[in-house]
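J.: Following the hints, put chain B in place on chain A, whose structure we already have.
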Amino acid sequence: MARAIWKGVIRFGEAVVPAKLYSAVTDRRIHFRLLHGDDLVPVEQRLVHPRTGVVVPRSAVRRGYRLDAGTLVMLGDDELATLEPESSRIIDVKRFVDPSRIDHRWYDRPYWLGPDGDEEAYGALSSALEDAGREGVARWVMRRRTYVGALRAERGRLALITLRSADEVVADAELEAPEGRALSAQELSMARQLIAALAGEWDPAEWHDEHRERVLELIEAKRAGRTIRLEDYRSEPTGEEALREALAKSLEAARNGQAVA
Amino acid sequence: MPEERPARSARGLWNGSISFGLVNVPVSLFPAYRQVSTGLRMLAPEGTPLERRYWCPRHEREVAYDELVRGYELDDGSFVVLTDEELEGLEPRKSRDIDLRRFVPIDALDPFTFDRAYILAPAGDSTKPYRLLADAMEESGTAGIATFVMRTREYLVAILARGGILRAETLRFHDEIRTPADVDLGERPDADRRSVEAMKEAVARASRDAIVRSELQDEHARRLEALARGKRRAGEGVIEVDEAVGEDAADGQVIDLMAALKQSLRAQPKRASPDASDTGSSAKELASRTKAELYEEARRRDVPGRSSMSKAELVRALSGRRAP
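First to last, the sequence lines map onto chains A and B. For the first sequence, this note's numbering puts the final residue at 528, and the numbers step up evenly by one. For the second sequence, this note's numbering puts the final residue at 336, and the numbers step up evenly by one.
Excised from the complex, chain A in its bound form:
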């Protein structure tokens, strides 16, 4: 039974939609511990004064904000506490926009929203967002932190995806595309045909983290005292002259339904 991690109230204009928040992702990574090599005992981390080598207990640690090179400003716990946002249950929708306005590079962590009491309002909002093709930009405070997120209809339910801050994402306009001699029309045409030959549906269930499986096998082999074979590999870049030939061969293989490369 999945537990809601937070409860809030979606608000905009006169609309009020109480909702429960559930994490929509789950961590499947393999986690390791840092051990002392001599005795395989997990190590602890300590904060040490660089000159005296004395361990400073957590309770005595102060915080410093780095303003410029060489300048820190010490901030007290009481001062930091004044910056904490006021706690609130409101998921404040600032505006609704066309979903194409929200670049997926801004998406950070997704959450499912479930109804919290008022099923009618929840059903109405998810239907309305779906019908109107709109996505909301919302702000809320959760666990003493302010979040910005995209509110959207997803598979008939409501979802909230936290967004990265505007300052963080590198804008397209900041970058210039690589230049060089004009591309050959024939090569471009072959590249397009190769893409078309490899076109297919997006089925997420087809893609697996095989590395995870192999790591778990390696762990099992080492536990059982077996040895394992290791490989080394580097690929050779395709030179300009070889480009056309490589494209032609790939295209032929793709058309014949063979595995390319």
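Quick caveat, the hints were computed from the structure, so don't treat them as lab data. The C-beta atom is built at its ideal place from N, Cα and C for all residues, glycine as well. Any given hint could be a false lead.
DSS-like mimics (lysine-lysine), calculated; alpha carbons at most 30 Å apart, straight line [to be verified]:
| id | chain 1 | residue 1 | chain 2 | residue 2 |
| --- | --- | --- | --- | --- |
| 1 | B | Lys-274 | A | Lys-274 |
| 2 | B | Lys-212 | A | Lys-361 |
| 3 | A | Lys-274 | A | Lys-361 |
Here are the in silico distance ranges between beta carbons for each label pair [to be verified]:
| id | chain 1 | residue 1 | chain 2 | residue 2 | range |
| --- | --- | --- | --- | --- | --- |
| 4 | A | Ala-449 | B | Arg-220 | 53 to 61 Å |
| 5 | B | Arg-220 | A | Pro-352 | 34 to 42 Å |
| 6 | B | Arg-311 | A | Arg-313 | 18 to 26 Å |
| 7 | B | Gly-89 | A | Gly-280 | 16 to 24 Å |
| 8 | B | Asp-194 | A | Gly-384 | 41 to 49 Å |
| 9 | B | Asp-194 | A | Ser-456 | 39 to 47 Å |
| 10 | B | Glu-150 | A | Glu-503 | 22 to 30 Å |
| 11 | A | Ser-456 | B | Arg-234 | 45 to 53 Å |
| 12 | A | Ala-472 | B | Glu-227 | 17 to 25 Å |
| 13 | B | Glu-227 | A | Thr-494 | 53 to 61 Å |
T.: Same frame as chain A, now just chain B:
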């Protein structure tokens, strides 16, 4: 294979190849995000920045980073030790390239799946294969899908082209995303036709044409900076630290990775041959990287406590050894 590494100018976080059929496009991978740090450091009561060190509770002594190993905990509480060489050696040949075997419509990718974004720069002697792929892909409106291994993790990745630039966006694997059923969310509750219409009107009234960037700003970071600036003006709690010894990276260096990316997109790197097994770095080489690069590497290697480490601490944590 010669041991000598190419000059490390304008190299990204990962250097490898995109394979597109039999065409190999050497690329260098850069983050599409700037490192936004909270800026908060841990200090001793009198203001000296503290270092994070490891302690062995059995030996009751400090343990240097090169005395650490990486262990996987078994059910009985014992550990199996794994090295980077072993983890990387596990990879079948093709998994070290971004091998584009499937092109899907960009619109089909569900927003829950996007994890982190990167920008790819050409890394070979010629930009031609890169430009060819970018051009052909952009026109098709598709994303190339592949899995590949970077360091010790496998990533599902979508390669997209926009404005002549190739991007890599890592995607969450299918089993890392919860379905509504996984969180016991029932079917959509029925709503009265009139309440749906009323809600649509409310949504329309709150709708705008565009996003305002100020609504996407991190207010807390801004308030924190304002507080620190105010205290400096008042001359309170200001601490001068010697950064000449490399204890800290200048804020200016945070954009160095951006500068490297721009340089890679503009110039044709002469000797930046792809180096798919780019691991194990000397302290000297690490010190030449920016703090942002080191942080990104520490994040990938799951170095604990990395978010509050100084540049020197990151170098120490990453140097002279492969990840434990």
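J.: Checking against the hints above, which ones are violated?
T.: The structure breaks hints 1, 4, 5, 7, 8, 12; every other hint is satisfied.
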